[in-house]
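Asker: With the hints as a guide, bring both chains together as one complex.
For the record, the sequence lines run as chains A and B.
Residues in the first sequence are numbered consecutively from 1, following the working numbering.
Residues in the second sequence are numbered consecutively from 1, following the working numbering.
It should be emphasised that the hints constitute simulated quantities derived from the structure, not laboratory data.
As the structure is a prediction and not an experimental result, all values here were calculated from the model.
Just so it is clear, CB atoms sit at the ideal spot from N, CA and C, and this is done for glycine as well.
Hints may contain errors.
As the list claims (entries may be wrong) - If you anchor each label on the Cβ, the simulated ranges turn out as follows: (1) B:188 to A:120: 16 to 26 angstroms; (2) A:160 to B:210: 48 to 58 angstroms; (3) B:107 to A:53: 36 to 46 angstroms.
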Amino acid sequence: MIVEDDKRIREELKELLNNAGYESDVLDDFLNAEQKILDYNPDLILLDINLPYINGETLLQKIRQKKDIPIIMVTSRATEIDEVLSMSYGADDFITKPYNPTILLLRIGAIFKRMEHLGDTILYKDLTIYCQKGIIKKEDMEVILTKNEMIILNYLLNNQNRIVSRDELMTDLWNNNEYINDNALTVNISRLRNKLKSIGYGEAIETRKGIGYILT
Amino acid sequence: MKISSYLKDKLYVVFFFLGIYVFTLLFLLAFKVNKSLIVVISFLNLFYVVGILCIDYVRKRKFYTYLLENSNRLDKAYLVLETIEKPTFYEGKLVSDILYEINRSMAENVKILEEQNTNFKEYIEMWIHEVKIPISFLILMAHNHKEKFTKTILEQIQRIDAYVEQVLYYVRSENAEQDYLIKETKLESIINNVALKNKDELLEERIEFQVKNVDFFINTDAKWLEFILSQIVSNSIKYRKENIFSYIKIEASEEKDKIILRILDNGIGIKKSDIKRVFEKTYTGSNGRLKTKSTGVGLFIAKNLCTKLGHTIEIESEENEFTKVTITFSKNEFYKVVK
Numbered sequence: 001m002i003v004e005d006d007k008r009i010r011e012e013l014k015e016l017l018n019n020a021g022y023e024s025d026v027l028d029d030f031l032n033a034e035q036k037i038l039d040y041n042p043d044l045i046l047l048d049i050n051l052p053y054i055n056g057e058t059l060l061q062k063i064r065q066k067k068d069i070p071i072i073m074v075t076s077r078a079t080e081i082d083e084v085l086s087m088s089y090g091a092d093d094f095i096t097k098p099y100n101p102t103i104l105l106l107r108i109g110a111i112f113k114r115m116e117h118l119g120d121t122i123l124y125k126d127l128t129i130y131c132q133k134g135i136i137k138k139e140d141m142e143v144i145l146t147k148n149e150m151i152i153l154n155y156l157l158n159n160q161n162r163i164v165s166r167d168e169l170m171t172d173l174w175n176n177n178e179y180i181n182d183n184a185l186t187v188n189i190s191r192l193r194n195k196l197k198s199i200g201y202g203e204a205i206e207t208r209k210g211i212g213y214i215l216t
Numbered sequence: 001m002k003i004s005s006y007l008k009d010k011l012y013v014v015f016f017f018l019g020i021y022v023f024t025l026l027f028l029l030a031f032k033v034n035k036s037l038i039v040v041i042s043f044l045n046l047f048y049v050v051g052i053l054c055i056d057y058v059r060k061r062k063f064y065t066y067l068l069e070n071s072n073r074l075d076k077a078y079l080v081l082e083t084i085e086k087p088t089f090y091e092g093k094l095v096s097d098i099l100y101e102i103n104r105s106m107a108e109n110v111k112i113l114e115e116q117n118t119n120f121k122e123y124i125e126m127w128i129h130e131v132k133i134p135i136s137f138l139i140l141m142a143h144n145h146k147e148k149f150t151k152t153i154l155e156q157i158q159r160i161d162a163y164v165e166q167v168l169y170y171v172r173s174e175n176a177e178q179d180y181l182i183k184e185t186k187l188e189s190i191i192n193n194v195a196l197k198n199k200d201e202l203l204e205e206r207i208e209f210q211v212k213n214v215d216f217f218i219n220t221d222a223k224w225l226e227f228i229l230s231q232i233v234s235n236s237i238k239y240r241k242e243n244i245f246s247y248i249k250i251e252a253s254e255e256k257d258k259i260i261l262r263i264l265d266n267g268i269g270i271k272k273s274d275i276k277r278v279f280e281k282t283y284t285g286s287n288g289r290l291k292t293k294s295t296g297v298g299l300f301i302a303k304n305l306c307t308k309l310g311h312t313i314e315i316e317s318e319e320n321e322f323t324k325v326t327i328t329f330s331k332n333e334f335y336k337v338v339k
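Just chain B, with the same shape it has in the complex (with noise of 0.2 angstroms):
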């Protein structure tokens, strides 16, 4: 609380006295009373305000100062009240019951959102699991009757899937919950997952799959790595250059306490005005409107468990060449008990 902002504000007072002042001064002045009295009587009105400011704003500041410092400095300012006194003045004590009541009802519309938001998360989690049946038995259908199910009706099935896929792990990468596992898992396997899974639109493409040296072990959760690789790829692969050599290459290194993984492509590239804002959500730039139909989802879902799982995820692109994708695991010897 600033005393120059206290004053404008009690500037009325001021105005207010000094009109009775100067009106009790000519009446004192008609009246010829002795100056030294009309001194006495000044001096002890200007007091009189002065020391009722004075009180007032002492008493105020300490509650004003510290709620609003306190609240500037938590990164949950709803929290405020519990760090300061409650006020002993008037004022401060409605002002600090009413922030109370606001707080608690809206802690309470904070819980019932809360609860909707799970249940809404275990309703898509448990609906995911039975649509996948279908999908299940399309795939296992599609195998036993080739002659039946051509193979655009099988890459169209693996396509819901994919989609299915991603909102799975987009509920899951919004939610608080911790639901992954981080063990000590082999690069390779997981990278040949993620191969099989996107082998036959890389095949129809005709795009190089390459990967070199991933013989390495990493901290991560297997399921949600492959999830994010295989969105990764899933790019490489729409946002290929046509008619020419495509090539997605794959490559990890090892470095004093971290393991480097990296994945490039030949492919259009991301344009420099766009590349910051890749991991936003929805964000689709303008690849996305190039080709028909781009989510903007990928990319971000990707960000968000790379987070949650303590890996760093980097983009570097130059339009029309590349496009390279950095994924960065620390190294932790405390997970290799998680065995």
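Chain A on its own, in the form it takes in the complex (with noise of 0.2 angstroms):
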């Protein structure tokens, strides 16, 4: 649920979470918002500070007395002292505006992840994938990825079947204190086929020319 009193921001949130995915809603009116957003009772909350009748700080306190719903803090308040004050009363996470929208949605992928206790393991199709590792494994065969072929991995299994750009995956890796470069972008994922290919899944990846690429 988005919590953003500038109409504009919240109608094109909604539709960035939309396209990656998530169903997501509004909050339109702000009077009575810590009930409406109980009432709501959403998996995950985006709170903007500057809000109607009632600052967002004293918003995240109440909601927190009473659920222990997820709360990313949105703000355009960028000091040190209101990211403490936010993450002392119980917020997950605090972003300030105007934020990259990809670590946007990788911070709230993020907070999904820790929030299911998703193991480390992810299935695709017959393959097992140990993240943490960076092992794939079929049946009794092996491949061993390095860290950036594992991001570039794990960034396209978070988004199958839908395209995602090179910079989506540049701007994982760069959050992941990967600073490659754009030919190393393009090595890394040839390598990763070329791994993928050799338990049998060649194609797995496909190029969308000058859009990105697309995990089947």
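Answerer: Right under this line is the structure:
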């Protein structure tokens, strides 16, 4: 659920989240915001600090007292004091405006992952992928991935059947402290493809020219 | 108050006295007065003048000497009146009363200016929060509608955002108020934010961004340091050398009581004659004029913020070779409390 007082921003945010495969809704009226949010019972809240009627930090505290919904604070008030306050009130994350949309999605994804206590393994067709170790297993075959290849594969797996742009992959890599350049990304993807090919999934990652990649 | 200067000032008294004395002497000689009487009268006259000068000097000396010395010693000279005794002589009273009056009216003026300044700062902060809303909107739009928004448009929006940010931190760095919070922060994650913020430009300009050994905890305000590092990185991008393999290397190391962060690039460097002045406000140097538009405030703000946070920032460079910025964070157990 998006709690944001600027109408245009919340509509764009909604579109962003919907495009990324989340179901999202916006709060239009901030009178009794707390009750409305609790009634709606969302899986995650994006909460602005500057709201009509009520301060976002107060709202955060009130919701926290009643329910344990993950909350990401989103604000243009970018001081360390605000961040520390929000985190101490129990926010799960704090993002300052203007944010990089891909990063926002990554942060949301990270929270859901934490929540679902998703183990470290992802299943893809008859493959088991151990993210931490960077290993793909198929029956008794095993392929070892580098950190970068794992990040790329992980991102593609989390966005299956959707076209993923190079920029998104790049953002995720940089977000994981891997500051690689364009060429290196191309090399990493082709290596990843070769490794997948060795276990029979050479065509799994398709290139969409000028747009990006898709894992089907 | 020097006695020689005092006497110089009182020279007219001495001349006047001498004039009258000569006149008196002539009179006395004309009336053929007894020589011993002339000597006595001469001495009395001399005593009179010297006496008056001495008493006057001693009365004034205390007041003026302290006034002068203390106002030189104090870093806020306008407080000097509070440090000295009230003078007992008329002239001194006049001076000190006037000084009080001047002080008061100046203080009032300063207060008005301070108020205006605070109001202005508050307005700017508010304005920045406001302007970030349309900027956020544009960035979201650009992301959602890639077919309508080209990469160039997004880059320009990011530029606007960077300039807006600079205004915000300029206001913060100039203001006496403490609106930062120092706590233990992971250096690596601050650098990560800086990298992400400058990612598009770094990739666009094909600049290798290498980060090594930055897994340290430091005591700082994360937002401020992020801004400082962003200024340095964006300078490195701006002043890169064309047509070579450009890089920015960020590395940290630990010493006994401090952590040192180094940001090295192989850009065009800074001239020897310019390097001392790079932290000065609006100083652009020859590099600033080389490429279009340099405001010359980035490093100035960075330096100011560093000083406030208690970090030191230094810059080394060799023209046409490299630029190296070093920031030193001191380790202080005290801040571990605020976690």
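Asker: Give a verdict on every hint.
Answerer: Structure-based check of each hint:
no. : hint                               : verdict
1   : B:188 to A:120: 16 to 26 angstroms : 22 angstroms, holds
2   : A:160 to B:210: 48 to 58 angstroms : 33 angstroms, violated
3   : B:107 to A:53: 36 to 46 angstroms  : 42 angstroms, holds
Violated hints amount to a single one, hint 2; each of the other numbered hints is respected by the structure.
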